[in-house]
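Q: Top line first, the protein sequences correspond to chains A and B.
Read in full-length UniProt numbering, the first sequence has 41 at position 41, and its numbers run on one by one without any break.
Read in full-length UniProt numbering, the second sequence has 172 at position 172, and its numbers run on one by one without any break.
Please note: incorrect hints may appear among the correct ones.
It does not matter which identical chain is used: a pair holds within one copy or between any two.
Unchecked claim - DSS-like, lysine-lysine: derived pairs with alpha carbons at most 27 Å apart: (1) 88 <-> 19; (2) 40 <-> 19; (3) 13 <-> 142; (4) 90 <-> 199; (5) 199 <-> 93.
Since the hints were derived computationally from the structure, they do not count as laboratory data.
There are 2 protein chains.
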Amino acid sequence: MENKTLVEITTQKILNYIKEQNLQIGERLPNEFTLAEQLKVSRNTIREATKMLKSRNILEVKQGSGTFISAKKGLMDDPFGFSLLENKIKMTKDLFDIRFILEPYIASLAAQNATEEEIASIDQLRVQIEEEILNEGTEHLKLDQQLHTQIAKASGNTALYHLLPIINESIHLYNDNFTSEKKKLETIESHREIVNFIKNRDSLGAQQAMLIHMSNNRVSLENDTDANR
Amino acid sequence: MENKTLVEITTQKILNYIKEQNLQIGERLPNEFTLAEQLKVSRNTIREATKMLKSRNILEVKQGSGTFISAKKGLMDDPFGFSLLENKIKMTKDLFDIRFILEPYIASLAAQNATEEEIASIDQLRVQIEEEILNEGTEHLKLDQQLHTQIAKASGNTALYHLLPIINESIHLYNDNFTSEKKKLETIESHREIVNFIKNRDSLGAQQAMLIHMSNNRVSLENDTDANR
């Protein structure tokens with residue numbers, strides 16, 4: 001066993017407390033004084049442990065109102081350290097190749113496992129993206145990521161639901177804006193097909209529609225990065 | 001664009017500096033004073049930004065000797081946010097399903113892209129694993145992870161090479177020891193097949209051999225988690 005500091009032990013105890021009490025996102029942690037009493041450590045130790053959990057995106061402090069369970073669910077902004085890798089064009093392509101493999105599988109799982117609420121929320125995002133594109137808004141890339149994340153959520157695979165947004169986020173980190181007019185129309189078409197297959201519980205259809213969507217995206221990414229060289 | 005604080009901007013600037021200077025693991029960052037001059041911010045801002053990068057496992061502070069590039073390469077300790085999840089058995093299965101999709105693809109890429117040195121190192125690990133199993137050693141699970149990581153490296157996809165060990169590590173975090181005698185023999189057989197196909201530059205063969213290997217692993221994981229309930 002490694003030697004752990006008192007702050008590390010206390011951090012783990014607070015984590016255990018959150019799980020035992022089943023505290024949900026947005027719920028408040030007891031104040032320093034109460035926690036210090038309960039865990040039999042000083043308030044200063046509680047303060048340091050809380051800082052650790054804040055830096056791990058597990059807690060968030062709202063000035064004046066207390067410490068709460070963060071909506072980020074302990075997921076770091078760049079947990080895989082992608083931002084330190086050097087060759088960004090290659091990295092973008094490599095990440096995209098992972099999407100190419102995972103997204104069709106995710107779509108096929110979603111067609112099997114999505115709840116009615118999840119399907120409604122997927123469809124709502126699809127409609128929002130169409131409106132955004134038709135009105136030449138600026139939010140459609142963000143909404144696009146949300147749609148793919150929502151499909152990953154509906155897949156029922158928690159690890160994929162955690163992983164996919166990180167991959168997509170990393171891709172967009174390096175390619176803020178690779179959306180041509182042609183791709184916008186393709187996006188509308190593809191999304192309609194994917195969502196319909198999920199609605200109809202057609203796993204194979206959803207898988208293939210997503211594969212086509214990914215193929216089209218990959219081509220436009222390659223054209224873009226070639227042009228930017 | 002979101003509003004970024006000065007500390008966040010400075011954090012990004014230090015990251016850029018690390019990349020521009022191509023600082024490697026273990027190399028020292030300039031001291032606070034120099035960085036503050038160079039980035040035109042206060043030493044206090046540098047200190048806060050350094051803290052952020054420390055909490056992201058990008059930097060590490062060695063008392064008395066300075067701030068260095070961390071060997072953790074920005075990889076968080078718990079990148080999937082495991083510590084907050086309730087159902088760990090489900091998470092393990094979910095992660096394994098991702099391996100199930102990615103590993104055959106990785107093997108097929110490795111057959112295409114591996115250098116001769118990479119093939120030699122893959123084969124060496126295969127031999128070590130066989131010896132370890134036959135001598136009833138305790139290192140074969142560790143070596144097994146190294147073999148799969150080495151195949152991911154040989155795939156040429158840096159993102160996969162980065163991602164796969166994290167997934168495998170997370171699986172083993174909760175399933176230390178799910179190796180039956182039957183599985184050991186299967187492991188020897190499968191690894192031989194996979195390595196041979198990679199040697200022969202047979203992508204489809206490597207892909208299918210890895211798929212069979214994954215199928216056998218998944219079954220034994222399911223038996224194990226059932227038994228542990």
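Q: Determine for every hint whether it applies to the structure shown.
A: Each hint tested on the structure:
Taking the shortest Cα distances, residue 88 and residue 19 sit within 27 Å of each other only across copies (11 Å), while inside one copy they are farther apart (37 Å). In this assembly of identical chains, the alpha carbons of residue 40 and residue 19 lie at most 27 Å apart only when taken from the same copy (19 Å versus 44 Å across copies). Taking CA atoms no more than 27 Å apart as the test, residue 13 paired with residue 142 passes between copies only; the shortest distance there is 25 Å, against 37 Å inside one copy. When the C-alpha separation of residue 90 and residue 199 is checked against a cutoff of 27 Å, the pair qualifies only between copies, where the shortest distance is 25 Å, while the shortest distance within a copy is 36 Å.
Taking identical chains as interchangeable, the C-alpha atoms of residue 199 and residue 93 lie at most 27 Å apart only when they sit on different chains, with a minimum of 26 Å there against 31 Å within one chain.
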